[in-house]
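Colleague: Chains as they are written, first to last, in my numbering: chain A, 1 to 253; chain B, 1 to 447; chain C, 1 to 481.
In short, the hints are calculated from the structure, not lab data.
Check each hint, because a few of them may be wrong.
As the list claims (entries may be wrong) - Okay, the calculated bits of chain A under chain C, using three or more residues with CB under 8 angstroms as the criterion:
(1) 39–51
(2) 62–75
(3) 91–101
Unchecked claim - Listed below are the simulated EDC-like cross-link pairs for lysine to aspartate or glutamate, each with C-alpha atoms no more than 20 angstroms apart in a straight line:
(4) B:Lys382 / C:Glu160
(5) B:Lys350 / C:Asp398
(6) A:Lys165 / A:Asp177
Stated by the list, open to error - Label pairs and their in silico Cβ distance ranges:
(7) C:Glu146 / B:Phe398: 51 to 57 angstroms
(8) A:Leu123 / B:Asp427: 56 to 62 angstroms
(9) A:Glu54 / B:Gly133: 44 to 50 angstroms
(10) A:Asn36 / B:Asp427: 28 to 34 angstroms
(11) C:Val466 / B:Gln447: 54 to 60 angstroms
(12) C:Gln159 / A:Arg140: 52 to 58 angstroms
(13) B:Asp427 / C:Glu442: 35 to 41 angstroms
(14) A:Glu15 / B:Leu405: 57 to 63 angstroms
(15) A:Arg140 / C:Phe296: 34 to 40 angstroms
(16) C:Val466 / A:Ala129: 26 to 32 angstroms
Treat the numbers as computed from the prediction; the structure is a model and nothing was measured.
We treat Cβ as the ideally placed atom computed from N, Cα and C, and that holds for glycine.
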Amino acid sequence: MLKIKDLRVSVEDTEILKGVNLEIKPGEVHAIMGPNGSGKSTLGFVLAGKDDYEVTSGSVEYQGQDLLDLSPDERARDGVFLGFQYPVEIPGVSNSNFLKMIINSIRKSRGQEELDALAMLKLLKEKLASLGMDTNMLKRSLNDGFSGGEKKRNEILQMAVLDPKLAILDETDSGLDIDALKVVSDGVNSMRSPDRSFLIITHYQRLLNYIVPDFVHVLVDGKIVKSGDKSLALELEDKGYDWVKKESSEVMA
Amino acid sequence: MLPKYQTEVPQHFKALFDQLGRQLNGQKDHHFQELRIKGGKNLFDMGFPTTRNEDYKYTALGRVFNKEYQLPDPKQPGPEMMEELRGLFNSEMDSHRICFYNGQLVSELTEVNEKGIGFFRLSDLSDEDLLNGEVLKHMDHTLSQTNNPFLHLNTALCREPLVLVVDKDHRASKPIQVVYHYSANDSDLIANPQFFVIARENSKFSMIEKHTSNPSDREVAVFANVFQRWITEKNANVDHTKIQELSENDFIIHNLIASQEAHSHFYALTADLGSRITRNNLEVHLLDSHTQTDMFGLFIGNANQHIDNQTFLDHAVPHCESREWYKGVLSGKSRGVFNGKVLVRQDAQKTNAFQQNNTLLSSDHARMDSKPQLEIYADDVKCSHGATIGQMDDQILFYLKSRGLDDDQAGELVKVAFLAEVFNSMDEGAIKNTLAGKVLDKLREIQ
Amino acid sequence: MSDSMQTLEKHTQSEYKYGWSSDIEMDIIPKGLSEEVVRMISAKKKEPKWLLDWRLEAYAKWKTMKEPNWAKLNIAPISYQDIIYYAAPKKQKKLNSLDEADPELLKTFERLGIPLDERKVLAGVAVDAVIDSVSVTTTFKKKLGELGIIFCSFSEAVQEHPELVREYLGSVVPQNDNYFAALNSAVFSDGSFCYIPKGVRCPMELSTYFRINAANTGQFERTLIVAEDDSYVSYLEGCTAPMRDENQLHAAVVEIYAKERAFVKYSTVQNWYPGDKDGKGGVYNFVTKRGLCNGFRSRISWTQVETGSAITWKYPSCILKGNESIGEFYSIAVTNNYQQADTGTKMIHLGKNTKSTIISKGISAGKSHNTYRGLVKIGKKADNARNFSECDSLLMGDRCGAHTFPYIEIENQSGKVEHEATTSKIGADQMFYCTQRGLSVEDAINLIVNGYCKEVFNELPMEFAVEAQKLLEISLEGSVG
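Next up, chain A with everything else stripped away, as it sits in the complex:
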């Protein structure tokens, strides 16, 4: 599904990612953990194609093609979804209108028929209900004035309706209380399938109690310094990031 090889990325001449290697196979759930400033969010943005991130070397192969060659919207239509840590507010654009547009835009690119108003409403209502969201939020402006929790649920809602192949969730747990965290995790878990992969970026282990990963990687200072299974996350929770930092510098030395 996704093969990242020696990926180096700079922002305004500062190197953030310093040679990341990662392979994600269909159906796998990978978690990237790391302290603040380690480059976790950068990895998500680069995979989704945000400007301002300069790939200085390395490659990213997605479903057999060069992902870095594609524009953000092409990546999205090919099934790459990024759940934002800070979802953007767009005043004046209604949530429902936005959802309709993105659903039909993706359907069109997949050669599917565009949904009519009725089918659209049915789909949205169904997904809203499963995420415990009020239909009222369809009428509101996109993320405008949403609480932190509402924004994150809205991201999961978009993921649910877009049916991506690779979902990257950037700090989806931040700003959520326990109830919301559970709803969001249920949403993600219900979407787990053999042909869909997840890359979950998180600072804390707590999300991983709900979404159990197949692999856990620790990103420190732009490099994956340690990989393991879900128990690594628990170990991190216990010992903190200093432990891996120390260990990795010893390895380097």
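Dock chains B and C against the given chain A, drawing on the hints supplied.
Modeller: Just chains B and C now, with coordinates in the frame of chain A:
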């Protein structure tokens, strides 16, 4: 080309110009005299503006132009006045001192003795002096570019320009306190001080400037027409606070033009508490990137005061930041005018400009005219402006009174709170304390 | 001769080349302006003497006035003697089928989603017949008549309701109000008249859309709306489709007179020919629009979507004379290529407890210039007046300009005025968010721009809003580099 204004300059200004020419004859022949003569010519060609001119729409200056002014006496003030002048300095502030009486330097009360800070009469510099050439060149350029007739008037009637230079890498050890005092006794008086300030590369200093005049139990008026030209070189950091407290029949037109080189920071605070008519023309030109410009203003008017703030900020280069915030309280029959223009030229990408004017009207007859303007030719910018005009919030007043404050106390608290952003922009210290004290006095006076 | 005149001439000549000249029937008078011309116009319209005198008075005043010289507009000089002041009614060229119409025009209609019948109207096919079937006036005249509502062409009103026209003409916009209003007062060709009697709520939206199109009287039209106590009307004006206006100068006057508790809502979607990509041609749209809230709680609301014209100069205004009267101004002005728009409003608060709201959204693209210029004035006696203004500008491209010149004049301490303005480009974060969800760059821009204009679209009648949104998209097409 010079613009043409509607009114011709009255004849008595011409007489003053000729009179000063005669007085200066026989003195050292200095290049400034060429500039002075040019200023006179430009002034008489241009004329004075009327309210039909857009930039003077809300400020009629006929009352100012029609008086027959006398030039100040070139002699140094007598001992009594010396004492009075000395008392005008804030003695609690450890500072350098510069004193102007009727627009002319009082050497006895001027003390700028710090290595790295130079203070000169332009006429004391020799023709060969590089600084002399530099100042004259800048002045000539500024005068040839401006459509402001008061710069020409100032130059035409200025006896001796002063020059302050803070050397490269020099950080001033203490602020510079400048007192401008005016005194009209038997006749109307016009004063035209000209001050050239250069902050060299990587220098830093702050200046507090005060304008006062003799008490208003007199028929005659003072007209202070001040001109300051500030150059802030690369990475220089200057901080300028002006407090104007002229008596209630006096006029002041305060002209300040600053230019900023890369990474420089220019902070200007204009506080107007006194005078009959105040007109501030504040212009900042950004010559290179990564500058920071702060223009703060505070005005409190009562009785028949008229306070007009005109500002112009020229974003000509990319990556510069500016903040402009003018706040005022108007009572009695006073009038306030704010006309702030922010120009963002095509090359000035990544400009970040903020402009705000808020005015509190606290009487039935006060009036405010505000015109915050944005003129933007670059697309990757963040610019915003705003203006509010209104009276004190009844609910807040009621709340305060319900907690036991009387009307005056509550009103004062609200007004002080209203002016907070301006004070918050200042560094803690003597300058801020001085201003806060004066503002509080004035607020109490207008209640 | 100015560039735009030359372009117009070329445009006309090319039509002649296709052999349509024999089809055009025109009732025109020689070009140029003189007292004689004013008399001729009045005579052709069989006007009463008082109206001729009124025109002549306006002409005399116009002659003494100076053409304004605007700081922010770059205008090729207008030769007032080269203009034909009476070319109406000019019959449309009759085409046998749509195939004969300008294909580019048809393409635009298609994108606008205008029904085929309407497309035919707009393209000038079988105009007479279709006009009748869609004309609000004709279709609903009977129903409106039962309610006592008068809605007819200005010329008709002069003949049928001279007392009303005489009473209100020039009562809100005096003859000598400004240079172009004076010109209009002297030579106005036609326009609409609308009268809503006391207590009547007009049950449908009134539109001048087709009539003006059909009669081709677009150059100096005059609209007069009178709303008696407790009445309501929503009035739509303009063309919602691009049209090749042959007139270089469009100097209209709109007057609204609202009495006690009357509410007049006036919506405009302006899309006159903006000139070509190089700035050649296009209409000079110099319009004076003003409403007088002359009674207790009267209310006038202006909504405009301005996408056309080479140069737009208009400030729909409200004089809030009645106590508790309300003025509103909602505007979207889009400029692209070499267009220039200088628009805004004047809210003059004279009565107590008066309120005004100003929402202005400017969008500049290409090499265009877009200026908001507005005045909020609170007079000495206007106790407790309130104004809120929000003027935002969006820049698309680094060759355009966006300017905001608000004038705020407050003479009453109990007034409360708030003005806010921002200028920015479309946020990179918003763009990335939308494209990350699979939207193309163009779709993302349209979405964000539409969202940005939402507050104004909300003020438009539903159908109008949909068309206005599409217009916006067309206007901005190709503006994204």
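Colleague: Decide, hint by hint, whether the structure agrees.
Modeller: A quick look at each hint next to the structure:
1. 39–51: holds (count 4)
2. 62–75: holds (count 4)
3. 91–101: Three-residue rule met by the stretch 91–101 of chain A, so holds; n is 6.
4. B:Lys382 / C:Glu160: Violated: Lys382 of chain B and Glu160 of chain C sit about 56 angstroms apart, past 20 angstroms.
5. B:Lys350 / C:Asp398: Measuring from Cα to Cα gives roughly 12 angstroms; hence the hint holds.
6. A:Lys165 / A:Asp177: With Cα atoms ~28 angstroms apart, Lys165 of chain A and Asp177 of chain A exceed 20 angstroms; violated.
7. C:Glu146 / B:Phe398: 51 to 57 angstroms: 54 angstroms, holds
8. A:Leu123 / B:Asp427: 56 to 62 angstroms: 59 angstroms, holds
9. A:Glu54 / B:Gly133: 44 to 50 angstroms: This hint holds: roughly 48 angstroms between Cβ atoms.
10. A:Asn36 / B:Asp427: 28 to 34 angstroms: 32 angstroms, holds
11. C:Val466 / B:Gln447: 54 to 60 angstroms: 57 angstroms, holds
12. C:Gln159 / A:Arg140: 52 to 58 angstroms: 53 angstroms, holds
13. B:Asp427 / C:Glu442: 35 to 41 angstroms: 50 angstroms, violated
14. A:Glu15 / B:Leu405: 57 to 63 angstroms: About 59 angstroms separates the Cβ atoms of Glu15 of chain A and Leu405 of chain B, which means 57 to 63 angstroms holds.
15. A:Arg140 / C:Phe296: 34 to 40 angstroms: Holds, since Arg140 of chain A and Phe296 of chain C (Cβ atoms, about 37 angstroms apart) stay within the stated range.
16. C:Val466 / A:Ala129: 26 to 32 angstroms: Given a distance of about 30 angstroms, which is inside 26 to 32 angstroms, the answer is holds.
This entry does not satisfy hints 4, 6 and 13, going by the numbered hints stated previously.
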